[in-house]
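What follows is each chain in one-letter form.
4 protein chains.
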Amino acid sequence: MINIGIIGFGYWGPNILRNFLGHPEVNVMQVCDLNNDRLLLVRNNYPGIKVTNNANDIFFDNNIDVVAIVTPVSSHYNLAKKALMNGKSVFVEKPFTSNSGEAVELIDIANKKNLMIMVDHTFLFTGAVKKIKEVVDGGGLGKLFYYDSVRINLGLFQHDVNVIWDLAVHDISIMDYLLDGQLPISINAVGVGHFNGKPEDVAYLTVKYKDNFIGHFHSNWLSPVKIRKTIIAGDEKMIVWNDLNSDEKVKIYDKGVHIQNDENIYDLLVSYRSGDMHVPVIPNLEALKLEVDHFVECLNNGNEPVNSGMAGLRIVKILEAANKSLKKQGQEIII
Amino acid sequence: MINIGIIGFGYWGPNILRNFLGHPEVNVMQVCDLNNDRLLLVRNNYPGIKVTNNANDIFFDNNIDVVAIVTPVSSHYNLAKKALMNGKSVFVEKPFTSNSGEAVELIDIANKKNLMIMVDHTFLFTGAVKKIKEVVDGGGLGKLFYYDSVRINLGLFQHDVNVIWDLAVHDISIMDYLLDGQLPISINAVGVGHFNGKPEDVAYLTVKYKDNFIGHFHSNWLSPVKIRKTIIAGDEKMIVWNDLNSDEKVKIYDKGVHIQNDENIYDLLVSYRSGDMHVPVIPNLEALKLEVDHFVECLNNGNEPVNSGMAGLRIVKILEAANKSLKKQGQEIII
Amino acid sequence: MINIGIIGFGYWGPNILRNFLGHPEVNVMQVCDLNNDRLLLVRNNYPGIKVTNNANDIFFDNNIDVVAIVTPVSSHYNLAKKALMNGKSVFVEKPFTSNSGEAVELIDIANKKNLMIMVDHTFLFTGAVKKIKEVVDGGGLGKLFYYDSVRINLGLFQHDVNVIWDLAVHDISIMDYLLDGQLPISINAVGVGHFNGKPEDVAYLTVKYKDNFIGHFHSNWLSPVKIRKTIIAGDEKMIVWNDLNSDEKVKIYDKGVHIQNDENIYDLLVSYRSGDMHVPVIPNLEALKLEVDHFVECLNNGNEPVNSGMAGLRIVKILEAANKSLKKQGQEIII
Amino acid sequence: MINIGIIGFGYWGPNILRNFLGHPEVNVMQVCDLNNDRLLLVRNNYPGIKVTNNANDIFFDNNIDVVAIVTPVSSHYNLAKKALMNGKSVFVEKPFTSNSGEAVELIDIANKKNLMIMVDHTFLFTGAVKKIKEVVDGGGLGKLFYYDSVRINLGLFQHDVNVIWDLAVHDISIMDYLLDGQLPISINAVGVGHFNGKPEDVAYLTVKYKDNFIGHFHSNWLSPVKIRKTIIAGDEKMIVWNDLNSDEKVKIYDKGVHIQNDENIYDLLVSYRSGDMHVPVIPNLEALKLEVDHFVECLNNGNEPVNSGMAGLRIVKILEAANKSLKKQGQEIII
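Protein chains in written order, with the working numbering: chain A, 17 to 351; chain B, 17 to 351; chain C, 17 to 351; chain D, 17 to 351.
Just chain A, same shape as in the assembly:
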């Protein structure tokens, strides 16, 4: 049985609690939040769980094996460090930390103490991303051309970070997963904040990889329409993933582009091909449940999770470079 303490019971906390509770090998012992109204919610619905305002009650509880940190990013480093120092594995919200230095330090501590870190990149556990990963790994797309993602809506969900850290973080972690952790060569980011003293609310991030593979992310808190659309194109097939379309989430286009290498001809010929389109059935399971399963399994077997601290670090490196490029008016930042 794995004993868990949860720190932070805001918007996402109840989902974390419910899914850990739902796992047969997990026992949720404590929930900590600074807001007593939130704690009352826990007490009323789950009288068996201890609630507290003081995170130390969790850190210093010797029965607790794992701390789930479901707080704003600025607090992740301190809370995670304390948890690790007290011998507890960590499940932490994304983005992992405020900067890569913090992430490296936490990973080091975990390694030394043989503890596990999992960063809550929930999207990796959705049916859509698993299906896309399957297609990409199978080589079905051919040589990859680009990854383009639009994640926009009306509403500012995060106050302490800019829109890239709030929204593009999802897309970056998905792309990182599809590329098996390959780091980009460089980053460009442009964006503006429309309200004095507030972070960027509209931003565009570009990442470049070797072989002319390019990624681009449009993040936006000021859009009248909600869009969650990603295109992943290769020279053999192309995928359009519309996460808001419940029936046709992932479309696989048998479309491609080829270049004829007739060396006698000066001008290379580009030819386009259009074939059928395919919409695979995607099982409708809760991603967070599968993530918790993966967490417990990795903890039991000592395996490294796909969303390990190292994965979290790679995402933070890109976010960090994005901020640097934003400040330099879009200048390319080599990673």
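Possibly wrong hints are sitting among the right ones.
[Said to hold, decoys possible] Here's a subset of chain A near chain B, in silico, CB distances under 10 Å, partners left out:
(1) Lys159
(2) Pro240
(3) Asp251
(4) Lys344
[As the list claims (entries may be wrong)] Distance ranges between label pairs, derived from CB positions:
(5) A/Gly158 / B/Arg34: 35 to 43 Å
(6) A/Tyr62 / B/Ser262: 47 to 55 Å
(7) A/Gly158 / D/Lys340: 53 to 61 Å
(8) C/Pro88 / B/Glu264: 40 to 48 Å
(9) C/Lys305 / D/Lys242: 34 to 42 Å
(10) B/Glu264 / D/Asn115: 36 to 44 Å
(11) B/Asn60 / D/Met17: 16 to 24 Å
(12) D/Lys242 / C/Glu302: 53 to 61 Å
(13) B/Glu264 / D/Lys343: 37 to 45 Å
(14) A/Arg289 / C/Lys305: 31 to 39 Å
The set of hints was computed from the structure by calculation and includes no laboratory data.
Because the structure is a prediction, the values reported are computed rather than measured.
We treat Cβ as the ideally placed atom computed from N, Cα and C, and that holds for glycine.
Given the structure of chain A, go ahead and fit chains B, C and D onto it with the hints provided.
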């Protein structure tokens, strides 16, 4: 009666010919193309029009008042200059010229000789753009936040220029029109070409204006799906223009974002508002017909067209800066 | 405080329980179900509520004021009668009863005993239907032409009744509400069952009203796609309600049809008009919560609910006539 | 070379003319219309074609082999009869004739004189219908459940016939083609006309076949939105054909319904299955061109066209029964 000679009878030429022919005050006298098959098309359908392989037949015909140049951009400067030098007004395809220097020179000649230049930015004459212009000019959107446009499809239509010059040129001219010719402060562009020796086929262009107004253009020849979607957002209302949706092309969202300026409070409060959505009826007229009407009217009255040489020059300046930024890996180019 | 007992805790029961529980003036005292697993669900989540296999525990509990009957339609009559005979008001699932005779008898008993009956036509309390009712009542549509509804999906949800009783019942009650309880003149229904011994799984129901107003309902358990689409057309405006479109549920078209009454002309002229389209904002509230509010309010004030037993009876009359027409191969049944 | 005369040059006539002209083995000799403005159109664009107001000029021209009749349905019988009597094969607009008696007579004459009749059911030659036919013929759908079609829009295109004869005629001919000319057992039709002295403008037609296969057609001239949507469902796969969706016209759902025949169990179990969805690529060719190719080929080889007079007769029989049922308030008409 205005006598016209048309140079270039490729993909777009027949539309130009048909619309000039359809105007009661225009007389199409000659059509020139290097390809005899294209000229045969003209001869079979319009036996009264003279056809030629030699553009000089048009330049040196004293009865011709106007030359329409419907050729690739690299030839615009030479052909337009010859036409102007021979006392003829010019209707020229977009983009106006290959660089701003050429555009400036052509405008100078036209001014000295009291001739007119119109650049064929056809989109300005569509019902959708006219309706959006009406809303923007009426102040309905409030303070403008951003202009975001996606213009992507499968297929490389231009071989001599990159995808920004082929596709974003439409969006840039529309934005220029909506902003009454205001020039951006700076440009960033990133992009890649996936085929050796070919220009960029996927590119992202950002333009920044004063007051944190930002424009962004996604141009792409390698997309499995065709998308033509523009969002124009202000703090009072927001527009989504989907040019492929015939029934609901322009959607006006009564959505807005406001910031409360309570000076006693340290933290500014951002509030969001969602109201009704409105789809105005848009008359279904051929844009090129309205453009030809505007051309004839300006020629008769001596007015400057909305898509004058000056407008064409502003677009070329942005395209030129985009190429410069592409070469400098996305670095900001001040205009 | 109103004390309630709930009979039936299947698919819909938990929603009924949660919403009655959520009302400050309601006290849920008992839940009855024949299935002990379902009762265990209640006991685990709501230890304060008494559970039982015996409905008599509810009927004979003098503290209980209201019985909610959330069981298959075939049991409604017996359970509701017993509840009423024991002096309890009734909240009953739709369709009200298996035939109109039963409905009439229940209404009679309720009237004599001064008790209330509410039939759970939840859709009447959705934001979409409220908005449509507002437009229709305001006369905005002009003279009504027709009501056409498609409610189809893959899946047989009811085993004891045919697809009209399962799906069209929603549409019939909505149309009844919009027409203020006006009864149709006649009914036609055609349909087939594709599995031996099973009721009709695809069926089409037509209702005719005076002044050539016609309603038509397509109900289908064998559709590969889920559709919930209703058109309500008048000569001034027309509404399209797509219940699966979360952002644009109700579209109001400023389109109309007029006939010119030039008496000198033999042939009447029909002219069509197309104007703007409008999507009103619809508050996102839970319909069942609003229905419970209405229930409590009517109980307190002695008002008749919009979804009273009389409304339920009108719906049953139409369903009953539909079955009769089905048996007579679509023959018109006068109501 | 086949010499053709065309009678009727209204809305559809120019398409007929253009496609016959485009065929290398066809020579269009004359066009007849009562309206001189229409004839002027022909003269201006095709100076080589003789124009006339008098159909006899075509009937009595011995060089003419084929008469294309592109006039309202009420005139088909007289014109076609005259053409056949004068030894000419006939290409005639749909519906074939005003009643089945006329159709039978024309077919008889053609048979005796060894002439051909083709009825212009253009839809049979579209890529979408050809693809669906391929799937149905291959048995991919399994046992057929139903055919449901919605063909609605704003606008009354025909004045002499009701909306079933104008719109459902397309769907009936497509279904007839898919079923290889199998006739239904019975017909029900309900509908209303909303304008005095005008035919039905909203109507619903049901056709029943053996083995519980059912077809249903919603035809409507008073809809604010244009819909062209057909579902063809079997127990193995199901097709949704949306003719207005240019990229995803035909969707093939790997969804099915099965019944378990466990004889020991009283209650049969119905189980549903959901798999992938597939969108086949459909070549974008003009249907009318392919129909003209088929016409010429059948004329040359003496084959019976898929859209022969016999096919036209079957469609007319259904339309005729629809009118009978409409008059009897939806009563079933046995065919």
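Comparing the hints with the structure gives:
1. Lys159: holds (8 Å)
2. Pro240: A/Pro240 check passes; min Cβ-Cβ to chain B is 4 Å, inside 10 Å.
3. Asp251: holds (8 Å)
4. Lys344: For A/Lys344, the interface hint holds, since the closest Cβ of chain B sits about 8 Å away, which is under 10 Å.
5. A/Gly158 / B/Arg34: 35 to 43 Å: For A/Gly158 and B/Arg34 the Cβ distance comes to about 41 Å; the hint holds.
6. A/Tyr62 / B/Ser262: 47 to 55 Å: holds (53 Å)
7. A/Gly158 / D/Lys340: 53 to 61 Å: At 60 Å between Cβs, range holds.
8. C/Pro88 / B/Glu264: 40 to 48 Å: holds (42 Å)
9. C/Lys305 / D/Lys242: 34 to 42 Å: Taking Cβ atoms as reference, C/Lys305 and D/Lys242 lie about 37 Å apart, which means the hint holds.
10. B/Glu264 / D/Asn115: 36 to 44 Å: holds (42 Å)
11. B/Asn60 / D/Met17: 16 to 24 Å: holds (21 Å)
12. D/Lys242 / C/Glu302: 53 to 61 Å: Once the Cβ atoms are compared, 34 Å apart, the range 53 to 61 Å for C/Glu302 and D/Lys242 is violated.
13. B/Glu264 / D/Lys343: 37 to 45 Å: Given a distance of about 40 Å, which is inside 37 to 45 Å, the answer is holds.
14. A/Arg289 / C/Lys305: 31 to 39 Å: Since the Cβ atoms of A/Arg289 and C/Lys305 sit about 53 Å apart, the hinted range of 31 to 39 Å is violated.
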